[in-house]
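Both chains are given apart, each in its own frame, so use the hints to dock them into the complex.
Chain order of the listed sequences is A and B. Reading the first sequence from the start, the letters are residues 1 to 236 in the working numbering. Reading the second sequence from the start, the letters are residues 237 to 510 in the working numbering.
You may find that some hints are simply not true.
To be verified - Listed below are the simulated SDA-like cross-link pairs for lysine to any residue, each with C-alpha atoms no more than 20 Å apart in a straight line:
#, chain 1, residue 1, chain 2, residue 2
1, A, K129, B, E263
2, A, K99, B, D421
3, A, K99, B, P338
4, A, K60, B, K301
5, A, K129, B, G377
6, A, K133, B, E336
7, B, K301, B, E263
8, A, K60, B, E375
9, A, K78, A, V177
10, A, K129, A, K178
11, A, K99, B, K301
12, B, K301, B, K361
13, A, K99, B, G332
14, A, K99, B, C328
15, B, K439, B, P416
16, A, K178, A, V230
17, A, K129, A, N88
18, A, K129, B, V452
19, B, K351, A, M89
20, B, K301, B, N286
21, B, K405, B, E263
22, B, K361, B, T314
23, A, K133, B, G342
24, A, K30, A, E181
25, A, K50, A, W167
26, A, K99, B, V319
27, A, K99, B, E462
28, A, K99, B, T334
29, A, K129, B, E462
30, B, K439, B, S399
31, A, K78, B, P338
32, A, K129, B, S399
33, A, K99, B, I329
34, A, K99, B, E263
35, A, K197, A, M89
36, A, K60, B, K351
37, A, K178, A, T209
38, A, K99, B, K287
39, A, K56, A, T218
40, A, K182, A, T218
It is worth saying that the hints were derived from the structure and are not from the lab.
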Amino acid sequence: MDTLLSSEGDSQRTQYPYVTGTSVIGFKYKDGILMAADMGGSYGSTIRYKSVERLKQVGKHSLIGASGEISDFQEILKYLDELILHDNMWDDGNSLGPKEVHNYLTRVMYNRRNKFDPLWNSLIIGGVKNGHKYLGSVGMIGVHFEDDHVATGFGNHLARPILREEWRADLTFEEGVKLLEKCMRNLLYRDRSAVNKLQIAKITEEGLTVSQPYSLKTFWNFAAFENPTVGATGSW
Amino acid sequence: MFRNQYDTDVTTWSPQGRLFQVEYAMEAVKQGSAAIGLRSNTHAVLACVNKANSELSSHQRKIFKVDDHIGVAIAGLTADGRVLSRYMRSECINYGYTYESPLPVGRLVVQLADKAQVCTQRSWKRPYGVGLLVAGLDESGPHLYYNCPSGNYFEYQAFAIGSRSQAAKTYLERKFENFPGSSRDELIKDALFAIRETLQGEKLTSTVCTVAVVGVGEAFNILDQETVQALINDFEISGEEGPATTGAAEEAAAAAAADQGGAAAEEEAAPMDI
Numbered sequence: 001m002d003t004l005l006s007s008e009g010d011s012q013r014t015q016y017p018y019v020t021g022t023s024v025i026g027f028k029y030k031d032g033i034l035m036a037a038d039m040g041g042s043y044g045s046t047i048r049y050k051s052v053e054r055l056k057q058v059g060k061h062s063l064i065g066a067s068g069e070i071s072d073f074q075e076i077l078k079y080l081d082e083l084i085l086h087d088n089m090w091d092d093g094n095s096l097g098p099k100e101v102h103n104y105l106t107r108v109m110y111n112r113r114n115k116f117d118p119l120w121n122s123l124i125i126g127g128v129k130n131g132h133k134y135l136g137s138v139g140m141i142g143v144h145f146e147d148d149h150v151a152t153g154f155g156n157h158l159a160r161p162i163l164r165e166e167w168r169a170d171l172t173f174e175e176g177v178k179l180l181e182k183c184m185r186n187l188l189y190r191d192r193s194a195v196n197k198l199q200i201a202k203i204t205e206e207g208l209t210v211s212q213p214y215s216l217k218t219f220w221n222f223a224a225f226e227n228p229t230v231g232a233t234g235s236w
Numbered sequence: 237m238f239r240n241q242y243d244t245d246v247t248t249w250s251p252q253g254r255l256f257q258v259e260y261a262m263e264a265v266k267q268g269s270a271a272i273g274l275r276s277n278t279h280a281v282l283a284c285v286n287k288a289n290s291e292l293s294s295h296q297r298k299i300f301k302v303d304d305h306i307g308v309a310i311a312g313l314t315a316d317g318r319v320l321s322r323y324m325r326s327e328c329i330n331y332g333y334t335y336e337s338p339l340p341v342g343r344l345v346v347q348l349a350d351k352a353q354v355c356t357q358r359s360w361k362r363p364y365g366v367g368l369l370v371a372g373l374d375e376s377g378p379h380l381y382y383n384c385p386s387g388n389y390f391e392y393q394a395f396a397i398g399s400r401s402q403a404a405k406t407y408l409e410r411k412f413e414n415f416p417g418s419s420r421d422e423l424i425k426d427a428l429f430a431i432r433e434t435l436q437g438e439k440l441t442s443t444v445c446t447v448a449v450v451g452v453g454e455a456f457n458i459l460d461q462e463t464v465q466a467l468i469n470d471f472e473i474s475g476e477e478g479p480a481t482t483g484a485a486e487e488a489a490a491a492a493a494a495d496q497g498g499a500a501a502e503e504e505a506a507p508m509d510i
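Same shape as in the complex, but just chain B (with noise of 0.2 Å):
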């Protein structure tokens, strides 16, 4: 996208009849850390790359937990990110002290779009640069929503947003099909699958990436460090030991041999075929 006299102000349209103020948002969200989530018939669960500034600071926080059944993961700015985690709170509180009952995550969904499209239409204002994943629990089951800087919002069986997320959905899309009838497991592993396809040969620890669950009886919760290090170990998802260089013939090797070798029952392709 290069500089053009229509880009200046978020209430300028451009000939072609595009806001690209809205389009560079949505930008800053690609140029985000990766995160990625997924649903089945009874959980769904989100997962992201953790980036420091350097070895000395600690991790950007990008999950947040909204309520007991709905949780968000962001890419993008995470100051932006934080507020909107914040009105999220604030909504379902509201809701549950005057309804006693969780607000369906739908609604939220939509209120989140709405107040993101205000931005989109006030010269004073700018979009949020801020993609949020939200995955959340209500009667009709879980859910897994997009929300994107413009105020559009989509819902998903899975979706990886952030730098390096089209591995991740290239991921996504050769096994979604598999999720419904998934069980929690499988899906977090997925999840750290995919996860591990954004990393492109870094190696996957649980310093790199959180995960976090909500489901049928399972209220949205962080996986601890120590967790998700035992799943990554269970999983065999790590990759190779050594500097990332050898690419991926020696990756795909060593992914179908622990495939094998391991519990998985899904796995007939390689995961890093690209």
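Excised from the complex, chain A in its bound form (with noise of 0.2 Å):
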């Protein structure tokens, strides 16, 4: 009976993560895709490390974004890393865009899930290729689906319904980082592990730029918050 669930050597088995990455989100803009994800590796509830970059250039044309597990976002990057070189290595005038990294993932990621043992991660891909642009996300589960603007965890309960509203096809850099901060300055706001420094990554037919890391402004000078017992009965 044993055997049908695990098999003698299985060592290395993510049941729980340990060192997580929160929300990433990505969206296509009018010259490419943009990300953004902030820099913060949690030990549970502890804010353990602050410099952890979890968006990650792919090759040419495609940028990765994760959140979850990051040892597992380490082991994806080595994967990631030897089909590059392996498609380098042709040295034709053939590359694997975007589209392909993706699929690429999925299978990798559902692999791994029906083995009982997860790479414990949600991954969001987007790049551009021959002017074509692609966004698309696959989950721990090896759930894949493209669209024009996706996000991970927490971001598609906070951020996703902000860019339901505002996220349009022909937005310019500058909106769209503008967008991007504040859905993230809303992350920032309401998610316990989000920290407030961020990286916002641009991916265009030219390449690919990942931002220095800096910080939101953050407004806390809300009536509500002066005085916020003061209308108070009992301990509440």
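This is the structure in structure tokens:
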């Protein structure tokens, strides 16, 4: 019976994550894809690491953003490194684009899930190839899809409603960054695992840039925050 | 090529640095019935001569669809060709499953060539006795490759393999500079003309040849007999009606008359000049 669920040497199984990254948001804009993620690595409820890069380049055309277990993300980056290496070794005019990377990762994630040994991540892959913009998402159980705007984790609940209202296909870079910051600020207020140090990445036909880390301004001068107990009866 | 003491094994070199078994395998390709391929900037066409063992039997399949964007025409040992086609289909399907994207032709051709090379360096194997004309479409446009039993592969604008392919090659050499800009129909017409060259006087009808096309916006497909016959009639390629004894001159006159009368754009010389 045991062999149905486990094998002799199953010492490597992620049953629960240890060091995790929180939301990633991404959407298409006029010239390509914009993505944002903060640089936090939480150890349970402790915000343990504050310089974790969760947005990474993949080959010439793609960008990956990850939330979930950071060590599994590092493993995925190793797989992708090997994939791109072999792609380059062909030394022909062809190269793997974001669509191919997304589908490759979907196969990896789904196959791990079937072995009851998932890579505990939610991934966003975006990129531009031959003028064609691509943005896709894949999670730890292998669920995958493409869309004009995607998010992971809390981003799905806090950022996507904003994007549903305010996203347009022809956003300029500046408008896109403002929209990303609006979403990230929202997450910062409401997500316990968010940290105020984020990176924004943009990928266009010309190439990819990941910004230097920076912080968002936050506003705590709401009237309700001054003398918060003034109208309260009892200890609540 | 004469028998010699270095030709028993594929793993035996001759003192001149030749592998005779590999060369004999290429001979098998030359003995097969002709196959030709050509490409433009938008399409690639494969055509082949169909031999049947007797009137009672069906024609051998020489053109195989490998994927929506790749097809192959073979000459030589058809059984070897069938097996390699199955390998190619398998590779395409696996790549498509993992990447949701068509396998670039150039990569498939390299894999095929590497597979053929293995058989030239194992004492318990023999080289594949089939030449493959691989026509396919990828991001950089249509491509035509030729894979040899030796494990070599080359990219071509146009090529012909199999018996009497030299006649077709001569025709193609004269016309190939026009091919990049050719339309789909012009390309098919040139393919049919080239096939006719290899028939050496036999009448060209859709029962003796097969034509397949792949291109931008067109998945690889083998044209059905009616379509091919209609094209032959339209282009008036069939040649003379009677027995093939009158030879080149009459053919040239018929072809030239048809060309001037027809809508052909680029027929500056009669095809049957040899």
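Hint-by-hint comparison with the structure:
1. K129/A - E263/B: violated (44 Å)
2. K99/A - D421/B: It is violated: about 34 Å lies between the C-alpha atoms, which goes past 20 Å.
3. K99/A - P338/B: holds (11 Å)
4. K60/A - K301/B: The hint is violated at about 32 Å.
5. K129/A - G377/B: Between K129/A and G377/B the Cα gap is close to 16 Å, so the pair holds against 20 Å.
6. K133/A - E336/B: holds (16 Å)
7. K301/B - E263/B: Violated, at about 25 Å.
8. K60/A - E375/B: The given pair, whose Cα atoms are some 16 Å apart, holds under the 20 Å limit.
9. K78/A - V177/A: The given pair, whose Cα atoms are some 30 Å apart, is violated under the 20 Å limit.
10. K129/A - K178/A: violated (25 Å)
11. K99/A - K301/B: violated (25 Å)
12. K301/B - K361/B: violated (27 Å)
13. K99/A - G332/B: holds (11 Å)
14. K99/A - C328/B: Holds, at roughly 17 Å.
15. K439/B - P416/B: violated (29 Å)
16. K178/A - V230/A: violated (35 Å)
17. K129/A - N88/A: Holds - the C-alpha atoms of N88/A and K129/A are around 16 Å apart, at most 20 Å.
18. K129/A - V452/B: holds (18 Å)
19. K351/B - M89/A: Holds. K351/B to M89/A sits at ~18 Å (cutoff 20 Å).
20. K301/B - N286/B: holds (16 Å)
21. K405/B - E263/B: Holds, at about 17 Å.
22. K361/B - T314/B: Status holds; Cα separation ~18 Å.
23. K133/A - G342/B: violated (25 Å)
24. K30/A - E181/A: Distance of about 17 Å is within 20 Å: holds.
25. K50/A - W167/A: violated (29 Å)
26. K99/A - V319/B: violated (31 Å)
27. K99/A - E462/B: violated (40 Å)
28. K99/A - T334/B: Holds, at about 11 Å.
29. K129/A - E462/B: Roughly 41 Å between the alpha carbons, so the hint for K129/A and E462/B is violated.
30. K439/B - S399/B: holds (17 Å)
31. K78/A - P338/B: violated (25 Å)
32. K129/A - S399/B: violated (44 Å)
33. K99/A - I329/B: Holds, because 16 Å separates the two Cα atoms, which is no more than 20 Å.
34. K99/A - E263/B: Since the Cα atoms of K99/A and E263/B sit roughly 44 Å apart, the hinted pair is violated (cutoff 20 Å).
35. K197/A - M89/A: Violated. K197/A to M89/A sits at ~37 Å, over the 20 Å cutoff.
36. K60/A - K351/B: violated (30 Å)
37. K178/A - T209/A: holds (17 Å)
38. K99/A - K287/B: violated (44 Å)
39. K56/A - T218/A: violated (27 Å)
40. K182/A - T218/A: holds (11 Å)
Hints 1, 2, 4, 7, 9, 10, 11, 12, 15, 16, 23, 25, 26, 27, 29, 31, 32, 34, 35, 36, 38 and 39 from the list above are not met by this structure, while the remaining hints are.
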